[in-house]
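Student: Chains A and B, in that order, give the protein sequences.
According to numbering that gives the first Met the number 0, the residues represented by the first sequence are 0 to 569, in order.
According to numbering that gives the first Met the number 0, the residues represented by the second sequence are 0 to 569, in order.
Check the hints yourself; a few may be wrong.
Claimed, not checked - Result set (BS3-like, lysine-lysine): computed pairs, CA atoms no more than 30 Å apart in a straight line:
#1 K323/A - K177/B
#2 K123/B - K42/A
#3 K123/A - K42/A
#4 K42/B - K123/B
#5 K181/B - K272/A
#6 K469/A - K372/B
#7 K181/A - K123/B
#8 K178/B - K181/A
#9 K181/B - K178/A
#10 K351/B - K361/B
#11 K55/B - K42/B
#12 K361/B - K55/B
#13 K351/A - K372/A
#14 K272/A - K323/A
#15 K123/A - K372/B
#16 K323/A - K178/B
#17 K351/A - K361/A
#18 K177/A - K55/B
#19 K177/A - K372/B
#20 K323/B - K177/A
#21 K323/A - K361/B
#22 K177/A - K351/A
#23 K323/B - K272/B
#24 K272/B - K272/A
Unchecked claim - Among the chain A residues that face chain B by a calculated CB cut under 7 Å, a handful are:
#25 R22
#26 P62
#27 P502
As the list claims (entries may be wrong) - Computed footprint of chain A on chain B; a stretch qualifies when at least three of its residues, placed anywhere within it, have a C-beta under 8 Å from a C-beta of chain A:
#28 239 to 247
#29 488 to 500
#30 512 to 523
Hints listed in this document are in silico derivations from the structure and should not be mistaken for laboratory results.
Don't be surprised by glycine CBs; every beta carbon is placed ideally from N, CA and C.
Number of protein chains: 2
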Amino acid sequence: MSHPLFDRHRETLEAAVAATRARGYWSAYPEMPSGRIYGESAKADGQAAFQARLEKPFEIDQPGTVGQVGAEESPYGTTLGITYPQADLAVLLPAARQAMRGWAAAEPEARVGVCIEILDRINKRSFEMAGAVMMTTGQGFMMAFQAGGPHAQDRGLEAIAYAWEEMTRVPRQVTWEKKVSKTDVARLEKRFHLVPRGVAVVVGCSTFPTWNGYPGLFASLATGNAVVVKPHPGSILPLAITVEIAREVLREHGFEADVVTLAADAHDAPITKELVTRPEVGIVDYTGSSEFGTWVEQNATQAVVFTEKAGVNAIILDSVDDLKAVTGNIAFTVSLYSGQMCTTSQNIFISKDGVDTAEGHKSFDDVAGAIVKAVNWLLGDARRGAEILGAIQNERTLQRIDQAAGEGAEVLREASPVENEQFPDARVRSPLILKVDHSQQNLYMREMFGPIVYIVATQGTDQSIELTAKAARELGALTCSVYSTDPDVLRRAEDAVIEAGVPVSCNLTGQVFVNQSAAFSDFHVSGANPSGNATFCDAAFVATRFRVVQSRVQVPVEAQAPEAETHAGV
Amino acid sequence: MSHPLFDRHRETLEAAVAATRARGYWSAYPEMPSGRIYGESAKADGQAAFQARLEKPFEIDQPGTVGQVGAEESPYGTTLGITYPQADLAVLLPAARQAMRGWAAAEPEARVGVCIEILDRINKRSFEMAGAVMMTTGQGFMMAFQAGGPHAQDRGLEAIAYAWEEMTRVPRQVTWEKKVSKTDVARLEKRFHLVPRGVAVVVGCSTFPTWNGYPGLFASLATGNAVVVKPHPGSILPLAITVEIAREVLREHGFEADVVTLAADAHDAPITKELVTRPEVGIVDYTGSSEFGTWVEQNATQAVVFTEKAGVNAIILDSVDDLKAVTGNIAFTVSLYSGQMCTTSQNIFISKDGVDTAEGHKSFDDVAGAIVKAVNWLLGDARRGAEILGAIQNERTLQRIDQAAGEGAEVLREASPVENEQFPDARVRSPLILKVDHSQQNLYMREMFGPIVYIVATQGTDQSIELTAKAARELGALTCSVYSTDPDVLRRAEDAVIEAGVPVSCNLTGQVFVNQSAAFSDFHVSGANPSGNATFCDAAFVATRFRVVQSRVQVPVEAQAPEAETHAGV
Numbered sequence: 000m001s002h003p004l005f006d007r008h009r010e011t012l013e014a015a016v017a018a019t020r021a022r023g024y025w026s027a028y029p030e031m032p033s034g035r036i037y038g039e040s041a042k043a044d045g046q047a048a049f050q051a052r053l054e055k056p057f058e059i060d061q062p063g064t065v066g067q068v069g070a071e072e073s074p075y076g077t078t079l080g081i082t083y084p085q086a087d088l089a090v091l092l093p094a095a096r097q098a099m100r101g102w103a104a105a106e107p108e109a110r111v112g113v114c115i116e117i118l119d120r121i122n123k124r125s126f127e128m129a130g131a132v133m134m135t136t137g138q139g140f141m142m143a144f145q146a147g148g149p150h151a152q153d154r155g156l157e158a159i160a161y162a163w164e165e166m167t168r169v170p171r172q173v174t175w176e177k178k179v180s181k182t183d184v185a186r187l188e189k190r191f192h193l194v195p196r197g198v199a200v201v202v203g204c205s206t207f208p209t210w211n212g213y214p215g216l217f218a219s220l221a222t223g224n225a226v227v228v229k230p231h232p233g234s235i236l237p238l239a240i241t242v243e244i245a246r247e248v249l250r251e252h253g254f255e256a257d258v259v260t261l262a263a264d265a266h267d268a269p270i271t272k273e274l275v276t277r278p279e280v281g282i283v284d285y286t287g288s289s290e291f292g293t294w295v296e297q298n299a300t301q302a303v304v305f306t307e308k309a310g311v312n313a314i315i316l317d318s319v320d321d322l323k324a325v326t327g328n329i330a331f332t333v334s335l336y337s338g339q340m341c342t343t344s345q346n347i348f349i350s351k352d353g354v355d356t357a358e359g360h361k362s363f364d365d366v367a368g369a370i371v372k373a374v375n376w377l378l379g380d381a382r383r384g385a386e387i388l389g390a391i392q393n394e395r396t397l398q399r400i401d402q403a404a405g406e407g408a409e410v411l412r413e414a415s416p417v418e419n420e421q422f423p424d425a426r427v428r429s430p431l432i433l434k435v436d437h438s439q440q441n442l443y444m445r446e447m448f449g450p451i452v453y454i455v456a457t458q459g460t461d462q463s464i465e466l467t468a469k470a471a472r473e474l475g476a477l478t479c480s481v482y483s484t485d486p487d488v489l490r491r492a493e494d495a496v497i498e499a500g501v502p503v504s505c506n507l508t509g510q511v512f513v514n515q516s517a518a519f520s521d522f523h524v525s526g527a528n529p530s531g532n533a534t535f536c537d538a539a540f541v542a543t544r545f546r547v548v549q550s551r552v553q554v555p556v557e558a559q560a561p562e563a564e565t566h567a568g569v
Numbered sequence: 000m001s002h003p004l005f006d007r008h009r010e011t012l013e014a015a016v017a018a019t020r021a022r023g024y025w026s027a028y029p030e031m032p033s034g035r036i037y038g039e040s041a042k043a044d045g046q047a048a049f050q051a052r053l054e055k056p057f058e059i060d061q062p063g064t065v066g067q068v069g070a071e072e073s074p075y076g077t078t079l080g081i082t083y084p085q086a087d088l089a090v091l092l093p094a095a096r097q098a099m100r101g102w103a104a105a106e107p108e109a110r111v112g113v114c115i116e117i118l119d120r121i122n123k124r125s126f127e128m129a130g131a132v133m134m135t136t137g138q139g140f141m142m143a144f145q146a147g148g149p150h151a152q153d154r155g156l157e158a159i160a161y162a163w164e165e166m167t168r169v170p171r172q173v174t175w176e177k178k179v180s181k182t183d184v185a186r187l188e189k190r191f192h193l194v195p196r197g198v199a200v201v202v203g204c205s206t207f208p209t210w211n212g213y214p215g216l217f218a219s220l221a222t223g224n225a226v227v228v229k230p231h232p233g234s235i236l237p238l239a240i241t242v243e244i245a246r247e248v249l250r251e252h253g254f255e256a257d258v259v260t261l262a263a264d265a266h267d268a269p270i271t272k273e274l275v276t277r278p279e280v281g282i283v284d285y286t287g288s289s290e291f292g293t294w295v296e297q298n299a300t301q302a303v304v305f306t307e308k309a310g311v312n313a314i315i316l317d318s319v320d321d322l323k324a325v326t327g328n329i330a331f332t333v334s335l336y337s338g339q340m341c342t343t344s345q346n347i348f349i350s351k352d353g354v355d356t357a358e359g360h361k362s363f364d365d366v367a368g369a370i371v372k373a374v375n376w377l378l379g380d381a382r383r384g385a386e387i388l389g390a391i392q393n394e395r396t397l398q399r400i401d402q403a404a405g406e407g408a409e410v411l412r413e414a415s416p417v418e419n420e421q422f423p424d425a426r427v428r429s430p431l432i433l434k435v436d437h438s439q440q441n442l443y444m445r446e447m448f449g450p451i452v453y454i455v456a457t458q459g460t461d462q463s464i465e466l467t468a469k470a471a472r473e474l475g476a477l478t479c480s481v482y483s484t485d486p487d488v489l490r491r492a493e494d495a496v497i498e499a500g501v502p503v504s505c506n507l508t509g510q511v512f513v514n515q516s517a518a519f520s521d522f523h524v525s526g527a528n529p530s531g532n533a534t535f536c537d538a539a540f541v542a543t544r545f546r547v548v549q550s551r552v553q554v555p556v557e558a559q560a561p562e563a564e565t566h567a568g569v
């Protein structure tokens, strides 16, 4: 069985499947916001489309709408003025389950074709999406385009590739024959049916609504589930546009649009707890805070739950060749999007005795000073600084910065605002850099989300490694960066940190950063420590979203004489 | 990397992997208890080995032993008199975690080789195992040999095959190159490490300790986890022997024996709740009652939980060619092991208007009578009857039979004991067959484990289908058997029952029975209704037992002139 959309996207699918196995660099959707690629008018068209969304209701013709909800405020200092359908879950969820029946009955080719077509249309609207992501999350434009657009689309395609492989792993039908006596053979015709797990809920986050939302959305959708998308109230628009496009493609190809629906809510009337524990819900994908994610894991026990939570990420600085290249890389990592990535490093562990470099030994304070200097240089150009930092998504992050600065740690660099010419009212802060002793675990051995960096003086690299692994085991960690010119130190650090379930990056300088994770090659969140129980993407991320249920029909076999033994096995 | 045990068992592994994909008939371990296959002295040796276990402590030199526990009573009317190490979990679990480190660090080849070697040795001791399974579970000898021996070993091998495929799906290392500017290429050497999820616990059941225990045991073990085996207090010996063999093989090949340990307990001092919720535990495999299984799902939220629970299985009798062949097949299904299989049919739905057969129309009472007659014939030969029925594992099943007989339903056949010559004190009952109306849902719409059969008069086959699907959705179901000569009825039944997540068997006569499930072809428990959340075996059953955690190291790249562009992707 095939499907026109499957045929249209078959090459992309096959290349994606190959990429998940090869795990070298590969991407389906161009990351450069270039007119040559996306069309000369794409940028202007996208900006206009985004502007046209503002100050009006976002219409979605889904069942159970009982009002309008939504009050997104841009971190860039404007309000969006958009409202979205407010859903009666007691109507929406049964409707989603009903819509799921036809979708579940479709062949995998049809579902995979529709899913890639949805991504393809989202890709064509990457400039509109960039506006929506930028103005709700506070990301700079380039990051909003890349991470909110093509990189998120790649992550969605990666999930579809895994779903395709899993769904086609079992034959659709087979003849089973067993010799049951000297003269008799039993023969069964077996058919294997894919049955989706149930209505899936995607709980989005406020910082990377599409990048973190697409893997679960497309993994569930491709495997035959209906999906209810529950955006963070601070960043609804990117996922609302996604839902709109998905419904459009579904409807065009003969499926019920309610296979994908939106369940928006407001900060002061959250619906997530009710939604994820409803009996119709068989799958939950969650991205967000550790505290709430753990609540979901412990309470949505009727569903299979995939979480991407938070953690305390570390840099271990042991020894380097080129200190300037290293501090430049670190400065970008801690500044990018004001440290609001779940992969951003929080703690930089350096021996109190300092660091060997190719230019000789540097003291702890020399190295800490070099990091501060590198951040100051990077953000010294106001236009570049504003683009790198973006804006602070959540008001509470500002309070956290003030709290951290006032707890007695030595302030090496203040979180001074950087002027944003384009958006003078933007909520901007630059990295607060603090110096602490390893004994001050009350300060650095906790998650302090945002542009807050602790440079921790340890008794040596062995203790740096130990503290990194301890934080990962107890609090979770998504990344770890290690700098050493000694292969033995690298190996020891790698062993300890990998055992704690943390992906390790070694000696990064130049244009690759520890907080970046590339689809088809890097696994995002290991699932092996408290930072989450799932990974983007592996087989485990899709395999439980559907079940294989078989039918077997006995078919007649001519009785055979004993001498004509047909061995059908042992 | 390879390993001598991997080389020894490579052909078996490769054939097993191929079988999981082809899903025709295949088996690695011969199911016939034949001297030609297992050795002429194997039966006598195995019986002697079993006898030698009785009336003494079962020694396992594992840490944290604080006493002896165990009081297995055979359903055949004897006591075993064996005690097992009683474990202090606060010592045993940390020891298991410690032992896991070396095991986790081994290459997949070494682990898979060791696992298949363990199965191979268990296979050679299938007669000893048959004695242990028979005398603790109450199965007849042939079933104890097959289901407790080779069939269980096949299920274990199936899990290992899936584990091998998942572990080798990602390359161990790869070079990643991306063009990051007109002149620069970033190059990372990436390595992918397999990290086990944590200490695994296997909670065994009293009826099929090895068949239901081996998939989880070997899936966890192959993927690098330490495994603590927690047998049902009514059937400890088969899993204790398994643990003994596993420890022997591990130790011989340089691994710590504590990678596999035993945590036995007593009926009056159960430890399962404490065990499965301990922080060291990352995986739980559970087989047993629905009530306790649901407790595990809801409370062991620190772990990934795989459950095989119970359900209400149905036969839908619409129309048949050969009524005698059909009732003969049904009689065997409901009699085998006194209906103590989680796959045994409980409810037989027949239209009140009767059934068309090749010999003309038969009334409801004719058909019900034919089923009773077939059971009476099958069990009429006392020796055959005793072998088929085995004995009743749990005293409470006897009470349940009495309860069912006394609730006002018309008794078509009493659960009269069948004499067991070899074991005169055996706890034996034959199927109680009751006639009820579809309106008496309080009687048949509940799980009544044991030799209890309700023949339900429905308003027609459509209602039979509806009631079957309803029971599956609400109470779970592991099997469904449908008899019809009308392809349209078969299709309607199949659609409805598959949607409720129940594997369907159609028109079984002869030597294949609905309660049998063949490794490498049939998925046991769908995971798609309340009868359990996992399947023996699919990728989902193994993929979450370990994680891939990566390291990436930046390596130097010569800067290139713009004209020498190296495209490493888009």
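Student: Confirm or reject each hint.
Tutor: Structure-based check of each hint:
1. K323/A - K177/B: Holds: K323/A and K177/B sit about 23 Å apart, inside 30 Å.
2. K123/B - K42/A: With Cα atoms ~71 Å apart, K123/B and K42/A exceed 30 Å; violated.
3. K123/A - K42/A: holds (11 Å)
4. K42/B - K123/B: holds (11 Å)
5. K181/B - K272/A: With a Cα-Cα distance of about 49 Å, the restraint between K181/B and K272/A is violated, given a limit of 30 Å.
6. K469/A - K372/B: violated (69 Å)
7. K181/A - K123/B: This hinted pair holds, its Cα atoms lying about 25 Å apart.
8. K178/B - K181/A: At roughly 66 Å apart (the allowed maximum being 30 Å), K181/A and K178/B break the hint.
9. K181/B - K178/A: violated (66 Å)
10. K351/B - K361/B: At roughly 11 Å apart (the allowed maximum being 30 Å), K361/B and K351/B satisfy the hint.
11. K55/B - K42/B: holds (22 Å)
12. K361/B - K55/B: violated (58 Å)
13. K351/A - K372/A: holds (19 Å)
14. K272/A - K323/A: Cα-Cα ~48 Å, so violated.
15. K123/A - K372/B: Violated, because 70 Å separates the two Cα atoms, which is more than 30 Å.
16. K323/A - K178/B: holds (22 Å)
17. K351/A - K361/A: Satisfied, since the Cα-Cα distance of roughly 11 Å is no more than 30 Å.
18. K177/A - K55/B: violated (42 Å)
19. K177/A - K372/B: Holds, at roughly 29 Å.
20. K323/B - K177/A: holds (23 Å)
21. K323/A - K361/B: Answer violated: K323/A to K361/B is near 91 Å, above 30 Å.
22. K177/A - K351/A: violated (71 Å)
23. K323/B - K272/B: Outside the cut-off at roughly 48 Å; violated.
24. K272/B - K272/A: holds (27 Å)
25. R22: holds (5 Å)
26. P62: Because about 22 Å separates P62/A from the closest Cβ in chain B, which is outside the 7 Å limit, the hint is violated.
27. P502: OK, holds: P502/A within 7 Å of chain B, min 5 Å.
28. 239 to 247: It is violated: at least three residues are needed, and the stretch 239 to 247 of chain B offers just 0 whose Cβ sits closer than 8 Å to chain A.
29. 488 to 500: holds (count 5)
30. 512 to 523: holds (count 4)
Hints 2, 5, 6, 8, 9, 12, 14, 15, 18, 21, 22, 23, 26, 28, counting from the list given before, are not met by this structure.
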